[in-house]
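2 protein chains.
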Amino acid sequence: MKKIVFLIMGGLCSVIAFAQHPSLMLTRKGVSEIRAGIDKYPLLASSFREVKADADKALLNPIVVPVPADGGGGVTHEQHKKNYQYVLACGTAYQITGEKKYADYVKDMLLKYAAEYKRWPRHPKRRQEPGGKIFWQNLNDAVWGVYMIQGYDCVYDALSAADRNKIETDLFAEMVNEMSVVNSKVFNLIHNHATWNVAAVGMAGYVCGRKEWVDLALRGTAKDGKTGFLAQLDQLFSPDGYYTEGPYYQRYAILPFMVFAKAIRQYQPELNIYDYRNGVLKKAVNTSLQCTYTNKAFFPLNDAMKDKTYESEELVYAVDIAYSDFGSGNELLDIARQQNRVIVSDAGLKVAKAVAADLATPFVYTPMWISDGSNGKEGGIGILRSGSNKDQTCVVMKAASQGMGHGHFDRLNVLFYDNNTEVLNDYGAVRFLNVETKNGGGYTKENDAWGKATVAHNTLVVDRQNQFGGKMDEASKFSPQLVYFNAGKTLQVVSAVEEHAYKGVKLLRTAVLFKPDGAAGALLLDIFKATSSDKHRYDLPFWYTGHITNINFAYRANATQLLPLGDKDGYQHIWLNAEGKPGIANGAVTFLNNNKFYTTTFLSDTSLKVNFITCGANDPEFNLRSEKAYMLSAEATDRSFVSITEPHGKTNPVAEFTTGFMPAARNIRMLTDTPDSTVFSFEYNKRLYTVTIRYNSKDEFITIK
Amino acid sequence: MKKIVFLIMGGLCSVIAFAQHPSLMLTRKGVSEIRAGIDKYPLLASSFREVKADADKALLNPIVVPVPADGGGGVTHEQHKKNYQYVLACGTAYQITGEKKYADYVKDMLLKYAAEYKRWPRHPKRRQEPGGKIFWQNLNDAVWGVYMIQGYDCVYDALSAADRNKIETDLFAEMVNEMSVVNSKVFNLIHNHATWNVAAVGMAGYVCGRKEWVDLALRGTAKDGKTGFLAQLDQLFSPDGYYTEGPYYQRYAILPFMVFAKAIRQYQPELNIYDYRNGVLKKAVNTSLQCTYTNKAFFPLNDAMKDKTYESEELVYAVDIAYSDFGSGNELLDIARQQNRVIVSDAGLKVAKAVAADLATPFVYTPMWISDGSNGKEGGIGILRSGSNKDQTCVVMKAASQGMGHGHFDRLNVLFYDNNTEVLNDYGAVRFLNVETKNGGGYTKENDAWGKATVAHNTLVVDRQNQFGGKMDEASKFSPQLVYFNAGKTLQVVSAVEEHAYKGVKLLRTAVLFKPDGAAGALLLDIFKATSSDKHRYDLPFWYTGHITNINFAYRANATQLLPLGDKDGYQHIWLNAEGKPGIANGAVTFLNNNKFYTTTFLSDTSLKVNFITCGANDPEFNLRSEKAYMLSAEATDRSFVSITEPHGKTNPVAEFTTGFMPAARNIRMLTDTPDSTVFSFEYNKRLYTVTIRYNSKDEFITIK
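These protein sequence lines are chains Y and S, in that order. Going by the working numbering, the first residue of the first sequence is number 392, and it counts up by one from there. Going by the working numbering, the first residue of the second sequence is number 392, and it counts up by one from there.
There's no promise every hint is true.
Note that the list lumps identical chains together, so a pair holds whenever it fits in one copy or between two copies.
[Said to hold, decoys possible] Simulated pairs of lysine-lysine, DSBU-like, Cα-Cα distance not exceeding 35 angstroms: (1) Lys-557 to Lys-602; (2) Lys-744 to Lys-836; (3) Lys-781 to Lys-868; (4) Lys-448 to Lys-687; (5) Lys-972 to Lys-959; (6) Lys-473 to Lys-987.
The hints are simulated quantities; they were obtained by calculation from the structure and are not laboratory data. This one's a predicted model, so the numbers in the text were calculated from it and none came from an experiment.
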């Protein structure tokens, strides 16, 4: 059975060519190849087994389409989520096996929704107005749509015209109305929520042969191209493929971007969507992966759940499509192998086939500057890497733009990874995803008060205040700027400046990954320069993972009483455990993390104070983790914080041995420090190194001799 | 070359038969079989590769025998440790390869020690008097001896008579003097330190043909059998093979017990050492393994480093010897496979051969009562287990005797494991093993003040005091007693009583692992009954791993100030975060741990208080971890704490779904509670269960209907 539809779109070609079903992630041609491939390619076989197991599980239970009632993680929420997963699983299983029972399940489910959908009121636990219908957020409704339409596409040919008519009229047309009319404000945003919406509506347009829906999706409800998918591609990504909300949301948004692009490619190849903006989607997939560490987790910048890895489903879609359609290269197969699954689809088939042919090469983590902003001029992320994928040291400097509502006030924040774990970390979001007893699974109030606060990050806090006064609108007006980036063999450096976060204070941070002669690994040299004509209090926290094993200076512990360090801007959430003054010698704090030692050795003088702090004050609902930091503190007009964070030694608790529990870097001395340059020396294994940074020189920005 | 020695020992047979070298873990016959086996058995091959790599690494560097100076983890400490490991590696490599360079290394090393040993003073950082010579503890000297004598045995035949004489006279005879004369107090203890000492001295006696040393080792310096190896075997193990100091030290002591027993078996088979006390060593190996959870870690009872697993070298020795010499069965091969190595030895050969023949069967974790005390009447450990090795729920009740100086004041302590992780946990020891900056790698002072304190454990604290006033001598006089143990299919139970920990208070605890109809896993029912004629304050903490997601009653949080809960007996180390009163309804606290939910639902009344607490007050040196607990508290004469701890639901942060975040057990009601019986009911998934416990009935101790 074949449906021929003639549609003319904005002067472009018709969508005749692909008006057969399925034509999204699966095509007729693909399906026959997949059937043959399941016997040959283990990754495809196991992935299909999973899909089929899900489909069979779906068939075991009666179809339940409850009246929407619960927030994230609640019963009706999870049921509707299961429903769309089951529909896609059964749709796929129908295509591959040809067994009618799977198609019937999808049909029955869709007819049930078609019968109910219109009757439901707005969601009783909605978080915005007008808000979602099936779920508490309109966003989840859109995700539901992206899955459901794929399931429908898979069984399209198995349905009667009458059933199709009922489903398209009473469900998908209503859904499109919900998204593009009722929630048009969201639909027309330049934001990941809008991407899910336009993907659902646009794919529904292709599958149902409703050109006007595709039009809305591509060019916005005003059809002027100022919003919609193309405008999102223009504005949400930088030329380097960085998504402005940060890696966590880049992961989330990549699925609708990729799946909808694939649909556009199938139905309207003449749009050359894969080449749009010099192939920005191909870059986006690579950038997503480059924004992970060897523990597979995304850098938890901005609002981020820290356990998200590239094993998440979104990245399986992205990697499969990038490999099969973008020619992204065999290193992607390394990731696919670790994901240990493919999407049962034309794209997944190619990946599974290539993995079976043993074509995978190791994924190449590359030190890089990733620009932010649609024009690439709104700062970015600097990533330094040293070592192999098995034993890598990595530094991340966040010098990106605010990243909209999920952005943190953490410009020039530095993360440090080593030994496959976080060493200097970012708290991420204060959220218990899908745990309904925790604010319905949404961000808790501490996310604004703590998660976003400047002091919750490894960056300088001026006068104990948040950057930009904690005001997103203000922060969105300015971006940090790249001063210098270079990644050589023994020396990698990123330097960035932020001049607007605090009025009258210039913040300039330079992070260097440097491996001295004979060192087992690279050191992080960190030079944070604050310049002002007025006196300020500067606080520089180091939030670490591990347990302190040594402090080389005297301090006073608050052994019998803990008080918060302040009353606002995140300080209200900090307990002060101890404070010390290293004096004129270098201070050094050593901790043990994952059986390896780390020491931050830092320049000190008589005015420097060090606070030892723990997160958790003013947390009556137990929403915060007890994370710990040492924080350097000084009052000054100009102040340069110079430190070396060094991985060293190890301890093996099973075999019971310990080596190198004391650091080799020592005796940091400032030689000269002017607005144009910083020169300091340090010793490593008794050898003297002099570091010269010339902030205005692109030719010879840094030398270490 | 063969040395024939005639020695008569205590009326028993001579040691002629085995007066060839090597004759400890390796024998001549074994060596030739091992050479052939390396090509055939992968586990032997990889284990030998490791030994040879170590030996080759040793050869790369000049021999360094420094004057002893540092504490645990320090430079000279680690060097001397490396030396004995290198000597054994080179000795073994010499036997297998026949390459002289390895024998030369051992010779040079031993001669160097022989030249230096006598000159060294007592260790400058010694922790006891007279104390160690090479190391800060005499114990480490003995460990050194156990390894060195094996290395010497391996190269014995390759040395000249003159070199042997020098080594035996200037080193081993001096070592024996150090241990049996200078440190005779330790040598004659009934304690693991003494076991290491007698093993070193006894094996030196066999290898050097010095019968008198063997005599000392077997029967103590007075040669009356009141101390020495046989007395240790008599007194340190229970008839069930439980080592009184607890699983962590059982692991540690098992190596010298096994290796020395093997030596005795080789040289004096007529002693039938393997059958001693009905094969107590065979039982000890099995008990060691039964005292682990599926995460491979030993139950961290008493002073214990929590990361110790059965992958540690001691257990590799134990498993190899038990399999090859004791006939311990193919389930041990499952452990060997996970250890992923064997000792390159006669025993290891047999294990590797059996593993290669695919004879391994899964290790069988058995619910059991393990008696403590040389007569088996000093309490014990009750272990309940439900589920497979992949997904096991496990309850441990500690009702053992004090366990000497490393014992904690934690009678009737209950640990709860699930989902391959700790759920209700034990802090273990306050120690940073081998980290010299942390009290020289030894126990920190918080180990006494916190680690051993009653309140640091999941057991009842009376009047905020330690059991037995924290006095070891007092505590050593009494043991808890088993009331009842049974492990059925749907119901497992352990019940024990402690009548002396607090004057005038009888403590009776019953832990039940019970799987209601339709439950995914088993619940822990916990009935803790305190009886007294006087009024007392009873505190029952639940130290948990995870993050609180729900509390079903009102509480007041100490949001802006934390104070210690007390000033002694561990309470000085507790911050009080919040306190609440559940009232007459059941209280319930839910937390998330390793992506699974756990709820403790407990009987309450208007007098019950719940404290939410964190460890870490009065910790000026940052020695404590920030562990957390909820603690039930009431003032009463008699009081029964009844609770259900239930694993439920799960959350998958990568795939983003959550199920069952609320518990199914609820509505606990006490029906009757007398000195002889406790009857209570609860609902699970709307079904009512009535639990009847008859404390005096062995026939029908518990029914759940």
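Results of checking the hints against the structure:
| no. | hint | verdict |
| --- | --- | --- |
| 1 | Lys-557 to Lys-602 | within (19 angstroms within a copy, 97 angstroms between copies) |
| 2 | Lys-744 to Lys-836 | neither (47 angstroms within a copy, 61 angstroms between copies) |
| 3 | Lys-781 to Lys-868 | neither (40 angstroms within a copy, 54 angstroms between copies) |
| 4 | Lys-448 to Lys-687 | both (30 angstroms within a copy, 34 angstroms between copies) |
| 5 | Lys-972 to Lys-959 | both (25 angstroms within a copy, 30 angstroms between copies) |
| 6 | Lys-473 to Lys-987 | between (42 angstroms within a copy, 19 angstroms between copies) |
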